[in-house]
Each structure stands twice: as structure tokens, then as C-alpha cells.
Amino acid sequence: MIGVAERILEVKDLKTYFPGRDELVKAVDGVSFEVYKGETFGLVGESGCGKSQTCRSILGLLKKPGRVVDGQIILDGQDITHLKEKELRKLRGKKMSVIFQEPMTSLSPVLKIKKQLMEVFDDTPMTRAEKQQRAVELLRMVGIPSPELRMEEYTFQFSGGMRQRAMIAMALGARPKLLIADEPTTALDVTIQDQIMKLINSLKQELDMSIILVTHDLGVIAQMCDRVAVMYSGLIMEMCDVVTLFASPRHPYTYALMSSLPDPANKGARLNAIQGSPPNLAHLPEGCPFWPRCTECADICKRERPEMREIAPGHSVRCHCLDKTAAYRGIIEAPQGKEA
Amino acid sequence: MADIQFDYTSRSKLVEVKDLCKWFPVKRTIADSLLRREVRYVKAVDHVSLDIYQGECLGLVGESGCGKSTLARTIIRLYEPTSGEILLEGTDIAHMSARELRPLRPHMQMIFQDPYSSLNPRMSVRAIISELLLYHHVVPKDQVDQRVEELMGMCGLSADYAGRYPGEFSGGQQQRVGIARALALNPKFIIADEPVSALDVSIQAQIINLLGDLQQKLGLTILFISHDLRVVRHITHRVAVMYLGHVMELGPTETLFDGPCHPYTQVLTKAAPEMNPLKRTREYAIEGETPSPIHMPPGCRFHPRCPYCTDQCKAEMPELRQIAPSRFVACHHPLQKGAGV
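Protein sequences, first through last, are from chains U and G. According to this note's numbering, the stretch in the first sequence is residues 1 to 340, in order. According to this note's numbering, the stretch in the second sequence is residues 1 to 341, in order.
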């Protein structure tokens, strides 16, 4: 399936650095991946691993002094790495769009929902009445009851779940080909998270778009994604389809993340915590950034940064100790006929 | 930590909460007072009764705004309750004055969600921990430093860090400082309000292990508040499920998760995303959102979202009643009468 599918986005060796007064923070340090048409691609990792900065680099929304210093971003056949803001604006909304974690901070508190939604169509020849009609349709599409009335309200009159729905309506207004969802459900309660995940999934089908889903929650990844990249310290450590990730992870970090989760079958037992904490991005350890916390660490890990290696079709891992990690068992059983 | 067979008959009750209410008045506008409109309240905690046994870890779960933090803060008297009783080892502390409460404070301590904002950035770790030791005179002055180092060691912090400030620590280490502070006075009762929610996944497990070890070693009684059901299931002996200021269900953790009796508990357990990409179909979905706690629905609070709602539910509020040994539910039509208990 993946071999023939069309690429909507290609990121090649992306490097995004934040120069400080006397240190250089390498937020994204050589990230490559592709997103195919109609798939949901997950970026998972802990805070500070560079998943959000990767997205901001793609969108051209990096905060100063952050800068893409190397690499290429190709969206739908067009190189957008060094586009000017004016040109990027033409792409945002139509080709790519974004929803952020906290809708309250990305919506305007002083404009009515109606006004914010109608802005999406500002550079179309639509009349005011048509724009308004489209705005009502958008709100209905994301499941907001009585949209004609609700669009006259302000964001503070909306609940958290409703705000996120409005945000999604805005992001999808111009039918983008790629939606970047940066922790879209993290600020929401579980029952609302469930609703929003279902909404995003059904809209993806309806609008035939691709999604990059950024999250730290492996549960959300399991429920939403087709393929996943696990990030750590600005690098992709492991990339594969979602079933392989949960059934047979091969990177010690992926494995450690999964084994540190509480397991209902093993209630009360000590959890397999990962020792230590993530490294400072300005002072990365030499070699593999994960070695100080890694259980498989060998001498070579401390000296040389491992390269991304494809160990099976569609499954790449960045690790020196692949022979040791071959014995890893994931948290689900591999399905029949699909051995990794 | 959580030995599943937790024997309640042999344990005494450390905290008894009886019919506790905490209502916050809604701010009135001039128009409201001119028109003599009734004072409205946010009923954050509304007629809650529960017992906390010596040495147990009781989980308190629910969605944001359900009143779980307010309940916890009222129990340790950070808030003045509107009505009801709070018995700490038999003494009613619900309406004690601040002065009367002072000698009891060392027995009840709290661990907060955001470790950074709950530590004074201008105080070193040594100062943060020794402040309470000195205030409550629990150890002689010349032994304070020794006790601080002992506490830090207990929480997995090197004593060399005593001179450092909170800003120099990572989130996980800050939470360890918060825990050391909560333990400083040898409390009988600890409230942990979302202690791992602000931490990264790889750090969460470290802190959960630490809390488990400490509970076992010191025989602590913990009220563990969290919205993460996986964590609650792992660490607690019993769980109370709250919705709009009310306890909907209370029971031993395993039986409650395996066979929820309240429809809301069922919704909560099913809504958490399953860690399995092969299991994506949901047999159960919930519509709607939590109503505002100012305009509470009549009858059962959950009825507008409940799939099993009947006329009785719309009219009559169900009381929390016992349906099996140590199993309580506030529902007219519990899902499995006493099943799985």
C-alpha cells in the first residue's frame, strides 16, 4: 500500500536550530520522513524532543531565533523550505493547516466565532452571505449544535471541547491536503478526547486529507495513526507502521516507554521506569542521545551517533544494538501472517 | 504497594467525610441585587460521604470540574466547608478555626500537580523543607539539617542538592522535592493532587514507584487524585468516581474497573484510548459534555448523557447506596447488581 501511494509531504534531513547567546539548541537535528496521501502519521515523544518544532518548521511558524538551517521540506511537489512569508500564507489553510493544543490561545477572544470563521474565505470571491453560509456548514460539520446561534458567540462562551471543534472547523475550512494536529486532545477530558478523535477520523475520510498527529500519548497514537515516528532529542529513533510499533518495537527508547506504562495485569508491581531525565538540547551527550538512560548501552553508543537503518520494509531504527533488541516483545501480539 | 487483598475489617477509619458540601456563591451583578434575584451557587462538592481507611490508597477520579480537587482541599481544610462533617481520627475538623487546626496540620499534607509553581523559587531545597520542621518544632534545631538530608535521600535526591533552587531541577526532581516536603512532618494523611500529570511519560513511572515505595515503607494513607485511569488502577486500593460534585461510585479498584456498576464509570473506563492499534472499534460512545455546575440538571446529574436514562432518573436524585460489601453506587439502575464483587 505504502509503495504506490502518493506523497503529500516529504521532509529531508531537516535541521532547526535555536542559536542562543553562548549555546546552540538543536531542537530538530536531521529529521526525515514522508507523509502519504490519506494517512495519519504520528510523531510521538516527550516534551522537548522536537516534535512541535518539526511541525512549526513545516508550517513556517518558527518562533525567533529558531531557523531551518538545513534540509528540505517538499509539500505536494513544491519545495517550501525557504518560501517567503507572503507565499507561505497562500499555502496555509489551503494546502496545509494546523490545530493546536489549547484552542483558547489560538482563537481570538475579542472576535465572534462567525467573524473568525469567515476570515478563512477572505481571499475568495464569495459574497458575505455565502461566507456566512459556509461558516454555518463548517460548524455543523464539526458537530456544534445550533450553529446559527453559536456562531454569534465569543470563544469564552464555548466549552473546551466546543472550542476545539471550532478550531477544527477553521482549520478545515479551505479543505487543506495536510492537517497538522499538535496535541489536539491533550487539554481535553477523556470523554471529550474520544469525541474529538472520532471527529478528526471521520473528517479525514470525508475530506480525503493526510494528518500529522503530534502527541505524547501512546494511546492516542494507537487509536489514530497508520505510521509512527518516535522522537527523542531532535531525532527520529524509530519509524514504522503502528501495529509493528506496538507488537515488535526495536529501539530501546520505544521499548522503555511502553514498558514504563502501568499494566492492569501487573497491578501494584514496580513500574519499569526509565532512569534519569531527557538531555539538555544545548549539551547533547556525544554519540547516541539516549545512551545515558539506555539499558543496552555499549561502548560504541557513547562515541558514535547511530544512523537510521531500515531493518524491514517500512521499519527503520536508529540504534547500534539491534542484535540485542531483536528479543523485544511489544505490548500487543503481532497479528497472524505479519511477522516483523 | 497495592496488595489487591486489602482487608478493611481490620483497619480503622482515618478520615470520615459525612454529607460534606462546599458551595461557592456566584458573583452577583448590580442587576441581580436590584432585582433581588436568588444567590446562585457552584455546588463543587454536594453531599459527599466517604471513609478513608488507615494505610489505604484511595483514588479519586473524574473529569475536570467534577469537584475532586475541591473535595480534597476541603477535607484538609484549605477551604471552609459549607456544611457537613470531616472526622480526622474521630475529631470533627470541619468547623475548627485556623488556630485550632494548627496542631493538626502536620498530620495532613499535600502534594501538588505542578511542582514548580508549588515551590518558592527563591528558597533553596534545604530552606523549603526545613521551614516546616522549624515551624512545627518536630525535631530539635541542631538536627534539622540531618532530617532534611534524610528526607531527600528517601525521595531519591542526593543530599548535595540541598543548596540548590527549584529552578535548577528537572520536573521530576522538583516533584521529588514536593514529596519530601509533604513527608517532612511524618503525616498520617497525604493528598496527592494529580502528582504525575504534569510530568513526562518516562518520569511518571519514577514518581509512581517512589510514591508506592514510600506508602509501603511508612504506612501512609493517601488520597490520590487523577484523571489518568491507568495510573489510578495501578496504584490505588479503592476508587471513588466523581461527577458534578457527587460521588457516583465507590469500590475496590479491581472490581470497579472490571465491572463498573454506574453507567458513568463505564463511560470513563471505555473512553480512555486503548493501547492497541488492533482494537479500534468502540462499542460505546458518549454524547454531550458535562453540564455547568451552576445549572445542575434535576434528578440524577448524569441523566442527560446516560444511555440508560429513565423517567425516574430525570425526577429523582439517586443516593449513594451499598449494593455489595464495600461497593457503593449512586444509580437507580446499576449495571450489574453486585456482579464482580
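Derived from the structure by calculation, the hints contain no laboratory data. Treat the hints with care, since some could be wrong.
What the hints assert, rightly or not - Label-pair restraints from in silico Cβ distances:
1. U:M104 - G:L104: 50 to 56 Å
2. G:R11 - U:S108: 41 to 47 Å
3. G:H295 - U:S47: 34 to 40 Å
4. G:R11 - U:A265: 25 to 31 Å
5. G:S197 - U:N266: 17 to 23 Å
6. G:L104 - U:V69: 58 to 64 Å
7. U:D22 - G:R11: 56 to 62 Å
All residues carry an ideal CB built from backbone N, CA and C; glycine is no exception.
Next item on the list: Of all the hints given earlier, name the ones this structure violates by number, lowest first.
Entry: Hints 1, 2 not satisfied by this model.
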